[in-house]
Amino acid sequence: MEAKLLMGNEAVAEGALAGGVNFFAGYPITPSNEIGEIMSRRLPGAGGKFIQMEDEIASMGCIIGASISGCKTMTATSGPGFSLMQENLGFAAMTEVPCVVVNVMRGGPSTGMPTLPSQGDIQQARWGTHGDHPIIALCPSTVREVFDLTITSLNFAEQYRTPVVLLMDEVIGHLREKVVLPQVESIEIANRTQPTCPPEWYRPFEDNKSGVPLMASFGDGYRYHITGLTHDEMGFPTTKKDEVTALNHRLHRKIRQAFEDIMLYETFLMEDATAVIVAYGCVMRSAKSAALELRQQGKKVGLIKLTTLWPFPRIALENMPEQVQEIFVPEMNMGQIYREVTRVNQGKLRVRKITKVDGELITPDEIIRGIKREGADSAKRY
Amino acid sequence: MQKDIDVYQYLRHEKKFPLIWCAGCGNGIVLGSMLRAVDSLKISKDRVAMVSGIGCSGRTSTYVDFNTLHTTHGRALSFATGLKFARPELTTLVVMGDGDGLSIGGNHFIHAARRNIDLTAFIYNNNIYGMTGGQVSPTTPGGKIASTAPMGNIENNFDTIKVAEACGATFVARGTTYDADALDEIIAIGIQHKGFSVIEVLTPCPTIYGRYNRLGSAVDMLKSQLDDTIPLEQAKNMSAEELQGKTLTGIFVNEDKREFCEEYEKLVQRAQKK
Amino acid sequence: MLSKKTKVKYTEKKKKSKYPKVGFVVFDKWCKRCGICSELCIHNVFRIDEDGYPRPVKPVECNLCGFCITRCPDFALRMIEGKSGEHSA
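Residue numbers (my numbering), protein chains in the order written: chain A, 168 to 549; chain B, 43 to 316; chain C, 456 to 544.
No lab work stands behind these hints, which were simulated from the structure alone. Treat the hints with caution; some may be incorrect.
The list that follows gives simulated cross-link-like pairs (lysine-lysine, DSSO-like), each with its CA atoms no further than 27 angstroms apart [claimed, not checked]:
1) B:Lys265 x B:Lys278
2) C:Lys484 x A:Lys407
3) A:Lys408 x B:Lys299
4) C:Lys484 x C:Lys513
5) A:Lys408 x B:Lys204
6) B:Lys58 x C:Lys513
7) B:Lys57 x A:Lys407
8) B:Lys58 x A:Lys407
9) B:Lys57 x B:Lys186
10) B:Lys315 x B:Lys299
11) B:Lys265 x A:Lys171
12) C:Lys484 x B:Lys57
13) A:Lys515 x A:Lys539
14) C:Lys484 x B:Lys265
15) A:Lys408 x C:Lys476
16) C:Lys484 x B:Lys186
According to the in silico footprint, chain B covers these stretches of chain A (three or more CB under 8 angstroms from chain B) [as the list claims (entries may be wrong)]:
17) 231-237
18) 267-274
19) 431-445
Remember, predicted model here, so these are calculated numbers, not experimental data. Every residue gets a Cβ at the ideal spot worked out from N, C-alpha and C, and that includes glycine.
The shape of chain A in the complex, shown without the other chains:
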């Protein structure tokens, strides 16, 4: 296929259409607007459905409703909108409704800096909604990766019946890159498993080996009940201890036992590295340049690029080469993934964070100076 000049947000829309999205609900918010705009142009022609809702709460509710009636659904938003979506995101996790939420992260807290990037919603994606539930969050670093991960998000959502958050940042969302998109035929698409049994045998939330129950669509003849209340196998509210425990454990188990499939990460220059940079999203681009630059200067620096952020890909850090002494975590927040890295590292290696929250991208220079502990930068090393 020929190369195209694509923006990150455009790549989300392309990925969504290639990945089979046929229902999109959204509400305008900078810097994710292009995604909704493109979907509104493209979906009707493709036979899909687009609707602009009255707010993000409704957008999230709307895609859950559509997913329950069998559509592949997505919404796109940014920080404040993501906060509004949390309630229904929790509903989707509890009722195991596949859907994808794209969060193009902007400067926070609160309204913050709508047109400037940050990576401030990482922990929110994990813990933003009440109750203890697992979630999947992915984070792309290049425009091509945006396309791929949009499809992966959709696949994960369908395979594991869970909401998936695609955590982009404003830099990636508005970055234009030359991209060669894959052939449509080569794209793997996963769909939810639907029941084939007679309706009277169907147990909508029955456990099985994968922990992912079969999902019937409303209107297909399997009349059943879906509720955000803690429910039994038939979907009806329950407070019986064994049923409550079983549900909560299954929700976690279905993601935990698929950890290896879900955990995506890449390593560069790790064989002989003594210092390792752990980076994700747009910061990974600076980190890669910094690592190459430092190597030229004689410091053996490796790089771990996290693609899956939740569940946290701890395997990436657990299989560290022996000679590694230090880990650096550059981030555009006050150290959200740093917390995870120290948690997984358990005090074995020295972990340093390099943070920057002024609405600008961390430059390779700043990472280099952070690693060398030089100078007073806007990027602070702690």
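Assemble the complex: chain A is given as a structure, and chains B and C must be docked to it using the hints.
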């Protein structure tokens, strides 16, 4: 007799009964009306979806043998919009309470009405938040007692009918649990109506609202609906003085306007021609 | 006394009625004893027993208006045509 025969086939009576509601609560009466209306229209159970919010009314969906979705507080209409838009062939009933639909879900209510999407929205109006213990709701009349208005409500209350009408709902009606027969008909017309239908049902809450405001037993409250309401046709010939303090019932709005799902279908055809 | 768990059937046997014979079934398990059916019946078909449950003592008076059935908030009341013992709900 015909009133009796068909309701039970729509209930999950082997699983979820008895109902969770208090003795004398009107919610069960509305549910009965709804089921008789669905039965009279001969719609297959597989083709009916019921979406409900949170609160006493929210539990309605648990009891009926349709495709049922019990959502988050106030968001029922947004879920229902997704459901209906994705599958326009489903008859979608949305069950909300007065607090659920008009307070926390007020924004969704306004916009679903404006959009004129073919949903049938029920507002169970018991003038109070029942499930949480009797807090003041947007339909609690001025001066009435609630657990968070112990000295009387100082706010003004919503008139659901006017709100719905102003927002562009194309079918707006009010019924009472006392006159369940009229309610059956209103609901049947509402379901058949193409567009956003709002049906407000006055339903007594004897356990909480009734007790706080000394309105007597469940029977007294139900009977008082007869005295406090006047059908629209009858009201036409009455003076303003006679109508003082009375609530009107009946079908207030029933008009045709372009419906969202149909318009979208046309848009798809236009887009695909290009 | 009748067990609350059993479904109780009553029909009028003696008196002739201009209406078809009718029986009532009260699901005691579902009935919450709100009293709506008995209070609102204009023919006083029901009487409340010592436990508060409605008992159809004069079903022969019933004119089949269905008011009690449609206003029962708990679906605990059914009206059944014919003689006693012929129907189970």
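Here's how the hints hold up against the structure:
This hinted pair checks out: lysine 265 of chain B and lysine 278 of chain B have alpha carbons roughly 23 angstroms apart, not beyond 27 angstroms. A hinted pair counts as satisfied when its Cα atoms are at most 27 angstroms apart, and lysine 484 of chain C with lysine 407 of chain A qualifies at roughly 21 angstroms. At roughly 51 angstroms between alpha-carbon atoms, lysine 408 of chain A and lysine 299 of chain B are farther apart than 27 angstroms, so this suggested pair is violated. Taking the CA atoms of lysine 484 of chain C and lysine 513 of chain C, the gap is about 22 angstroms. The hint holds against a cut of 27 angstroms.
At most 27 angstroms may separate the alpha-carbon atoms for a hinted pair to count; lysine 408 of chain A and lysine 204 of chain B exceed this at roughly 46 angstroms. At roughly 32 angstroms between alpha-carbon atoms, lysine 58 of chain B and lysine 513 of chain C are farther apart than 27 angstroms, so this suggested pair is violated. Between lysine 57 of chain B and lysine 407 of chain A the alpha-carbon distance is near 15 angstroms, which keeps this suggested pair within the 27 angstroms criterion. In summary, the hint linking lysine 58 of chain B to lysine 407 of chain A is supported, as the alpha carbons are separated by about 15 angstroms, within the 27 angstroms threshold.
Proximity of lysine 57 of chain B to lysine 186 of chain B is assessed by CA-CA distance (about 38 angstroms); at most 27 angstroms being required, the pair is judged violated. The hinted pair formed by lysine 315 of chain B and lysine 299 of chain B meets the criterion: a straight-line CA distance of about 25 angstroms does not exceed 27 angstroms. For the hint pairing lysine 265 of chain B with lysine 171 of chain A, the CA-to-CA distance comes to about 72 angstroms; that exceeds 27 angstroms, so the pair is violated. With a C-alpha separation of about 13 angstroms, the suggested pair lysine 484 of chain C and lysine 57 of chain B falls inside the 27 angstroms cut-off, and the hint holds.
Distance restraint check for lysine 515 of chain A and lysine 539 of chain A: the Cα-Cα separation of roughly 21 angstroms lies within the 27 angstroms cut-off, and the hinted pair is therefore satisfied. The hinted pair formed by lysine 484 of chain C and lysine 265 of chain B meets the criterion: a straight-line CA distance of about 25 angstroms does not exceed 27 angstroms. Simply put, lysine 408 of chain A and lysine 476 of chain C have alpha-carbon atoms about 49 angstroms apart, too far for the 27 angstroms limit, and the pair is violated. Of the supplied pair hints, the one linking lysine 484 of chain C and lysine 186 of chain B is violated, its CA atoms being roughly 35 angstroms apart against a limit of 27 angstroms.
With a threshold of 8 angstroms between beta carbons, the proposed coverage of the segment 231-237 of chain A by chain B holds, since 7 of its residues qualify and at least three are required. With 0 residues carrying a beta carbon less than 8 angstroms from a beta carbon of chain B, the segment 267-274 of chain A misses the three-residue requirement, and the given coverage is violated. Residues of the segment 431-445 of chain A with a Cβ under 8 angstroms from some Cβ of chain B number 0, which does not satisfy the need for three, so the listed coverage is violated.
Of the numbered hints stated above, those contradicted by the structure are hints 3, 5, 6, 9, 11, 15, 16, 18, 19, listed in ascending order.
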